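Residue numbers (our numbering), protein chains in the order written: chain G, 1 to 109; chain Y, 1 to 410.
Hints should not be assumed to be uniformly reliable.
List of simulated lysine to any residue pairs, SDA-like, C-alpha gap at most 20 Å [as the list claims (entries may be wrong)]:
#1 Y/K163 - G/P105
#2 G/K95 - Y/A118
#3 G/K95 - Y/P117
#4 Y/K161 - G/E79
#5 Y/K159 - G/D108
#6 Y/K161 - G/Q2
#7 Y/K161 - G/L87
#8 G/K88 - Y/L177
#9 G/K100 - Y/P117
#10 G/K95 - Y/A179
#11 G/K88 - Y/E175
#12 Y/K163 - G/V85
#13 Y/K159 - G/L107
#14 Y/K163 - G/D108
#15 Y/K163 - G/R104
#16 Y/K161 - G/L4
#17 Y/K159 - G/R104
#18 G/K88 - Y/A118
#19 Y/K163 - G/L87
#20 Y/K163 - G/L4
#21 G/K88 - Y/D176
#22 G/K88 - Y/S182
#23 Y/K161 - G/M1
#24 Y/K163 - G/E79
#25 G/K95 - Y/D176
#26 Y/K159 - G/L87
Derived, one-sided and incomplete: chain Y residues facing chain G with beta-carbon distance under 10 Å [claimed, not checked]:
#27 P117
#28 A118
#29 A165
#30 R166
#31 I167
#32 P168
#33 Y169
#34 R170
#35 S173
#36 D176
These are calculated hints, taken from the structure and not from any lab test. Model, not experiment: these values are computed from the prediction. Virtual Cβ for every residue (Gly too), placed ideally from N, Cα, C.
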Amino acid sequence: MQYLVSVIDDTAGLATPEEMAAIDAFNDRLQAEGHWVFAGGLGSPSSATVIDSRGGEAIFTDGPFVESKEYLAGFWVIEAADLDVALKLAAEGSKHCNRKVEVRPFLDE
Amino acid sequence: MSQIDVQEAVTQAHHEEWARVVAALTRRFGDLDIAEEAAAEAFATAVGRWPADGVPPNPGAWLTTTAHRKAIDRIRRENKRDDKQKEAQMLYDGDPPGPLGAIDDERLRLIFTCCHPALAMETRVALTLRMVAGLTMPEIARAFLAQESAVGRRITRAKAKIKEARIPYRVPSAEDLPARVSGVLAVLFLVFNEGYLATGPGTDPVRHDLTAEAIRLTRLIRALMPQDGEVAGLLALMLLTEARRTARVSAAGELVTLGEQDRGTWDAALIAEGHRLVRERLAAGVAPGRYQILAAISAVHTFARDAADTDWSQVVALYDQLVRLDPSPIVALNRAIAVAEIDGPEAALAAVDRLEDKLAGYHAYHATRADLLRRLGRSQKSRAAYDKAIELAGNTAETAYLTRRRNQLG
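Extracted from the complex, chain G is given alone in its bound form:
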């Protein structure tokens, strides 16, 4: 079972060097314990472009699809047997990256 752990930020700042070091240590642990699938940090919302091709032609819009005070700053995709395991890892992740996180399961198929 895979879960997306979204890192929610409400500050303008990127991770500090201390936070980056803590995140690296946590990532090492995820890999060592077999929970690691993928992870990454994202550029700021102002660097986003929204594309809508549903009308046939691609329409580009500068900026994120929703303007909000809180935004996605990064994420982990983790492998966990169940939600209890995922919640524990997410709680650790929140501590290491010093941000709020959200856990959501991937659909089974």
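Dock chain Y against the given chain G, drawing on the hints supplied.
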């Protein structure tokens, strides 16, 4: 067997077997929704069949078998058998097979899943009342002071989240247990209260099955966590309340208030056990949580041989302690009732009136006002408050008591 006997057998089986059937089916099919629906269908089938066929010798086994069949029927009907079997693995059972000793109660597993921290507290309560206690949606709605449709939606969403997010179906590991147990206790306390002051118009005023179930499950958790003060506190509170159960409703089916109860009919063994637990917690010397404080209040009441001997200043002191932990309007209401015994009804009424915004829909708020106004000789206002309390009270014994009190007003 008469129709009434059969009906009683179905009711009894529902009280005794509902949670076992749901738990067994959840274990088997890994899906709360299927388990709940199949259990409900099995009980509906019993209602239809038992009057003609007779009550089976082992109703529990009959119901479980019937529910299993209903569940398999549904899975086949939906023609998604493979999918459902995959879903069955989603509700993950992390316990190794084999004997697990005294704590291996299927219902405990069900309770911990229904009380999972990833669910909102209100959702945990609603889900446990439905899945474990077998309460109907209208009963749950009353216990919550909520709309029936809202309760239904909450339970549906909860079942979907449990499945989709893969909330495990098991008793938590020892290290996770303390954090998980407080949510379970809140739920059990509510189940106990629903039994102690049953709200269904057709149900008995005191539903011993629910109070007994809450006590039984709390005993189980106590066996699991003997060092936990709040578990002991909740168990003591339940025992000291349960001890007064038979004195609480008169032969005429009317509620008897604590002050008017025949204390000789209280269950001495339950009181002794409750007092032992309270003393055990006092001796532990750890700051008490809310259940331990409530149990201590109950111990003060049950310690008095006569209502007039009640140590009300101790009761108020304990409520002061409780308000600091739980500043809810219901605690404030109960504190005011104790204050009336020391500072008089006028002072208590002033405190109660301040709670109107939050408690206007709660029958006990109006019943308390009615009693205080009655004691102050303000009959007209008292009558209006009794009317409101009677309108909102769901418990038959309480309604009878309030009606008599209202009709006795000058």
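Q) Has the given pair, Y/K163 with G/P105, been kept, meaning a C-alpha gap of at most 20 Å? A) The given pair, whose Cα atoms are some 10 Å apart, holds under the 20 Å limit.
**Q.** 20 Å limit on alpha-carbon distance, applied to hinted pair Y/K161 and G/M1
**A.** Roughly 15 Å between the alpha carbons, so the hint for Y/K161 and G/M1 holds.
(Q) Just to be careful, I want the Cα atoms of G/K95 and Y/P117 compared with a cutoff of 20 Å; is the pair within it? (A) holds, 19 Å
(Q) Hint Y/D176 vs chain G: min CB-CB distance below 10 Å? (A) holds, 7 Å
Q. Are Y/K163 and G/V85 close enough, with their CA atoms no more than 20 Å apart?
A. holds, 15 Å
Q. Between Y/K161 and G/L87, is the straight-line Cα distance small enough, at 20 Å or below?
A. holds, 14 Å
(Q) Between the alpha carbons of G/K88 and Y/A118, is the straight-line distance 20 Å or under? (A) holds, 12 Å
Q. Would the pair Y/K159 and G/D108 pass a check requiring their Cα atoms to be no farther apart than 20 Å?
A. With a Cα-Cα distance of about 16 Å, the restraint between Y/K159 and G/D108 holds, given a limit of 20 Å.
Q | Restraint check for Y/K159 with G/L87, where alpha carbons must lie at most 20 Å apart | A | holds, 18 Å
Q: Tell me if Y/S173 is really an interface residue toward chain G, meaning its C-beta lies closer than 10 Å to one of theirs.
A: Since the shortest Cβ distance to chain G is 9 Å, the answer is holds.
Q.
Less than 10 Å between beta-carbons is the criterion; does Y/R170 satisfy it with respect to chain G?
A. holds, 9 Å
Q.
Hint validation: Y/Y169 versus chain G, beta carbon distance must be below 10 Å. Holds or violated?
A. holds, 9 Å
In summary, the structure agrees with every hint in the numbered list given earlier.
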